[in-house]
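Chains as they are written, first to last, in the numbering used here: chain A, 1 to 351; chain B, 1 to 351.
You may find that some hints are simply not true.
Any copy, or any two copies together, can satisfy a pair, since identical chains are not distinguished.
Said to hold, decoys possible - Capping the alpha-carbon separation at 35 Å, the derived lysine-lysine pairs in DSBU-like fashion look like this:
| id | residue 1 | residue 2 |
| --- | --- | --- |
| 1 | 106 | 287 |
| 2 | 61 | 298 |
| 3 | 318 | 75 |
| 4 | 340 | 75 |
| 5 | 75 | 106 |
| 6 | 253 | 318 |
| 7 | 287 | 61 |
Derived by calculation from the structure, the hints in this document are not laboratory data.
2 protein chains.
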Amino acid sequence: MTEVRRFSGTDIADFCHRTLMAAEMPSADARIVADLMADADVNGSDGHGVFRLPGYIRRIKEGGLNLTPNIRVEKEKSGMALVDGDNAQGHLVMRYCAELATKKAKDSGVAWVGSHASNHAGPAALYAKIPMAADMIGLYVAIGNANHLPPWGGTEMLLSTNPIAIAVPGMEEPAIVLDMATTVAAYGKVKTAAQRGEEMPEGWMIDRQGQPLTDPTKSEDGFLLPIGGPKGYGLALMFGLLAGTLNGAAFGKDVVDFNADFQTPTNTGQFIVAIDIAAFADVETFKRNIDNIYRTMKASPTLPGYDEVLLPGEQSHKKRQDREANGVPIHDGLLEALAKTAGDLGVEALG
Amino acid sequence: MTEVRRFSGTDIADFCHRTLMAAEMPSADARIVADLMADADVNGSDGHGVFRLPGYIRRIKEGGLNLTPNIRVEKEKSGMALVDGDNAQGHLVMRYCAELATKKAKDSGVAWVGSHASNHAGPAALYAKIPMAADMIGLYVAIGNANHLPPWGGTEMLLSTNPIAIAVPGMEEPAIVLDMATTVAAYGKVKTAAQRGEEMPEGWMIDRQGQPLTDPTKSEDGFLLPIGGPKGYGLALMFGLLAGTLNGAAFGKDVVDFNADFQTPTNTGQFIVAIDIAAFADVETFKRNIDNIYRTMKASPTLPGYDEVLLPGEQSHKKRQDREANGVPIHDGLLEALAKTAGDLGVEALG
């Protein structure tokens, strides 16, 4: 059994900030990245917060990331923009894109902003939620940074988990926030299971003979399964064409495995759509409708074996409440990895 | 075993046209609807073409459809429009919306057009494919016209199969066209299985105790299963908020079961996004990249038990080639239903 200690979001953010700065990321950029990383942890995205710091630092050290990027609009029309991320840390690129989409949608009603030359940006929901502050709906799709999914019926890993997040604000109830990989399990969950010494349930992965694979330390021997079989494959593929190919970003064979190669620019593709509720409807009426839908779903009677119906984002919302009050639980395997990363850079460890 | 006869797309379209006209739909509108219905059949969407004619005619006869609609833009900004379908046949509303989105995207790069007061429009792919003629990508989402899906873990059917279609054009290879319900099976497949006297595989539906339901004639005793369990539920819900609630269309408890109620306006919601490839990339380069991705996927080695990897839309493309050459197969159960509908209106039956 692994040990778990809890740390505040602020402590995690400050640890990420000083570690990124020690790796020579400029302080202001490191602040943005660190705060978004800690936010991921507070939201319950255990595979996408401080867990990723050792990999990010290694990429910086090996020269795979541009620490002085010029993130800029490359093409633009009223309803869209294409952003060159200039190989910056993905959090910086996607915060830029989400804010740009929000600003554009105030005029155009709906704005779609795609990126290339970006990098891993953490959990999808972080960015889908940004337009909500302006009473907008956010929709975000990303190309995953390693291929773990073959086309349906195939054995060549040509696709990633290509996640989607959609965030819709309510008035009094929590926002409804979907954040899902197009595979049954995200690869981050496989990695955290391996680090914690846990088995995977059947249905997450199969081996090259099509048999269930449940040992997460043997994940290299197989691949993830898409949701709904050919349907999840179809979604992963189409999301890849929209977030990758359309934006001039890597897709398919061109995807760089960021867990194995820390030097080649990943040319990650993502896109975000901001939808201004006011362009379609009265904002307060819309938000009250969302509250009503939230309550209607919660009030549904349940199947045998289920205690309650959950809304998308509800578990994350509950985790956030717990973690804001009691801190983010961090397993000792991760703490050790973080201490090593910190020690190598001569910065103070977490805790 | 049922008997099957084959009919040309033109014969099906002409049959739909004369039947809709006999039910007093104006000829020009009936032509548009009939051609789209036959196109659905030729594309292999057996549950969404002429199969739906008896239901459409019954709705017209019982006063549930507006035969002289004023389909119009209600709200508009450069990147979006909200269309009032005025309770017209859905095919008319969605062709209008798809053409409007395409026209707007020529200026804005990306345009999102939502609708309310629409109706069932046939298969999603029909509309996602329309922007391709202008070298655009199409993305279409609809609220299904009957709730067959509870929230995950619940038993109250508050959601429909809310499908998504995305169409991306290639240069020499067929377009890649995803068209999928967020449930394992679309309800149309349950209805066709019932009409053909076929069993359903396990995994399509469960009963109210959570046990597998395989008799399609007992579909009222259970509900459809979402793809990927809670993930498919999440997609169905979010697509419903975007296609329904945002547009002022019916969602959740407000959805009218169009298989049971032929009088109440359905207030169906749909949206389509047109994405102008030229705003992001060189069109020819992009299309050649899509061809390359198509070929790379096809070339993947296969798992034991699989002969080949299929691209989204490939089966439909093959069916289209077969049906254009050999006609659309129609089962005798459907032929009888169509003959009855035709007979009631005094028009010549199919075949």
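Cross-check of the supplied hints:
1. Proximity of residue 106 and residue 287 under a CA criterion of 35 Å is satisfied in both settings, with 18 Å inside one chain copy and 32 Å between copies.
2. Taking the shortest alpha-carbon separations for residue 61 and residue 298, neither the intra-copy value of 48 Å nor the inter-copy value of 38 Å comes in at or below 35 Å.
3. In this assembly of identical chains, the alpha carbons of residue 318 and residue 75 never lie at most 35 Å apart, being 40 Å within a copy and 37 Å across copies at closest.
4. Taking identical chains as interchangeable, the C-alpha atoms of residue 340 and residue 75 are never at most 35 Å apart, the minima being 42 Å within one chain and 57 Å between chains.
5. In this assembly of identical chains, the alpha carbons of residue 75 and residue 106 lie at most 35 Å apart whether taken from the same copy (19 Å) or from different copies (14 Å).
6. Proximity of residue 253 and residue 318 under a CA criterion of 35 Å is satisfied inter-copy only: 26 Å between copies versus 39 Å inside one chain copy.
7. In the homo-oligomer, the alpha carbons of residue 287 and residue 61 never lie at most 35 Å apart, since the shortest distance is 46 Å inside one protomer and 37 Å across protomers.
Violation of the numbered hints given earlier is confined to hints 2, 3, 4 and 7; the remaining hints are satisfied by the structure.
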